[in-house]
Amino acid sequence: VLGRLARVFLCKAEGVSLPGEALSGVTAQAFAGPHPAGLPGTHIHFLDPVGAGKSVWNLNYQDVIAIGKLFTTGQLWTERVIALAGPVVEKPRLVRTRLGANLDELAA
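Just so you know, our numbering puts 78 at position 78 of the sequence shown, and the rest follows in order with no gaps.
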């Protein structure tokens, strides 16, 4: 589905194999090095730079799952796994929640 909308790059760490990287229409690209090598902005800059008349999109794996579920089931998938961390979080952890959840309530 995504390949019909735009060119698709699957960015990954060097030496890592990911599902989907061999799919037709997907260009797998490895990045290595210190920060900011793993950031989407760095990937976009090197692979398909934006300009005044050009936009690009960054999708994470959960966005790709949601788009796939929308096209295969007709249902919008709003479940997400997020990380609660930082100095004000008493119990850092991964939390399964929904898009639009109140972060104050999740962190309480």
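For the record, the hints were derived by calculation from the structure and aren't laboratory data.
In this text, a Cβ means the ideal position worked out from N, Cα and C, and glycines have one as well.
Warning: the hint list may mix true and false statements.
[To be verified] Computed beta-carbon distance windows for the label pairs: (1) 55 - 91: 35 to 43 Å; (2) 32 - 86: 23 to 31 Å; (3) 90 - 16: 31 to 39 Å; (4) 54 - 15: 15 to 23 Å; (5) 40 - 100: 16 to 24 Å; (6) 81 - 23: 17 to 25 Å; (7) 88 - 24: 41 to 49 Å; (8) 71 - 15: 29 to 37 Å; (9) 57 - 88: 29 to 37 Å; (10) 90 - 22: 38 to 46 Å.
Here is how each hint holds up against the structure:
1. Distance hint check: the CB atoms of residue 55 and residue 91 are about 39 Å apart, consistent with the given range 35 to 43 Å.
2. At roughly 28 Å, the beta-carbon separation of residue 32 and residue 86 lies within the given 23 to 31 Å, and the hint holds.
3. Taken as a hint, the range 31 to 39 Å holds for the pair residue 90 and residue 16, whose Cβ atoms sit roughly 33 Å apart.
4. Between residue 54 and residue 15 the Cβ separation comes to about 31 Å, which falls outside the hinted range of 15 to 23 Å.
5. The given range of 16 to 24 Å is respected by residue 40 and residue 100, whose C-beta atoms sit roughly 22 Å from each other.
6. Between residue 81 and residue 23 the Cβ separation comes to about 24 Å, which falls inside the hinted range of 17 to 25 Å.
7. The hint said 41 to 49 Å for the Cβ distance between residue 88 and residue 24, and at roughly 46 Å that hint holds.
8. For residue 71 and residue 15, the Cβ-Cβ distance of about 32 Å falls inside the hinted range of 29 to 37 Å, so the restraint holds.
9. For residue 57 and residue 88, the Cβ-Cβ distance of about 32 Å falls inside the hinted range of 29 to 37 Å, so the restraint holds.
10. Between residue 90 and residue 22, the C-beta spacing of about 43 Å keeps the proposed range 38 to 46 Å intact.
Of the hints listed earlier, the one the structure fails to meet is number 4.
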